[in-house]
Amino acid sequence: MTDKEHIKGLVEEFIKGTGLFLVAVKVSSANRITVLADKNEGITIEECVAIHRHIENNLDREKEDFELQVSSPGLDLPFGVIEQYIKNQGRKVEVVENDGSKIAGILKNVTTGGFELETEVKVKGKAKEVKDISFNFDQVKTTRVILIIK
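FYI, the numbering for the sequence shown is 81 to 230, going by the numbering used here.
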């Protein structure tokens, strides 16, 4: 089986200084390698192909066969790295806390320690008030974008 850390190193070496960031590397027991990468403007197919070629050129199929897929993380997956939080500032997200409670709101003020969520809360009957809730990353189980279709 291919070493996950080796693949991670190859990708990080290739994307250094490009604006791209690594979201995840997965290697299955069947040696199926999945690399998820992105950038603030969204990763292009050409960039995925370039990463794919770089990895493939640095692995030896004669030594160990593998299947390789490089893509963006997609909107259905929860955030995996802080760069995804930064990229999605200003968008509506759903946060699932470690205790299972869910809160939706606008993602803002992302720092290395956490972020704020601008959300509406009911106050005294039917009135709603906008409130900022602060989160540390260690108290969040998942965060994902909420798709809004207009």
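Read the hints as simulated data drawn from the structure, not as lab findings.
Backbone N, C-alpha and C define an ideal beta-carbon position, used for all residues, glycine too.
Watch out, some of these pointers could steer you wrong.
Claimed, not checked - Label pairs and their computed distance ranges (CB to CB):
1) Thr114 - Glu174: 55 to 61 Å
2) His134 - Glu209: 46 to 52 Å
3) Leu157 - Glu136: 44 to 50 Å
Stated by the list, open to error - Capping the alpha-carbon separation at 20 Å, the derived lysine to aspartate or glutamate pairs in EDC-like fashion look like this:
4) Lys84 - Asp140
5) Lys106 - Glu163
6) Lys182 - Asp140
Inset, instruction - Check each numbered hint from earlier against the structure, then list the numbers of those it violates in ascending order. - result: 1, 3, 6
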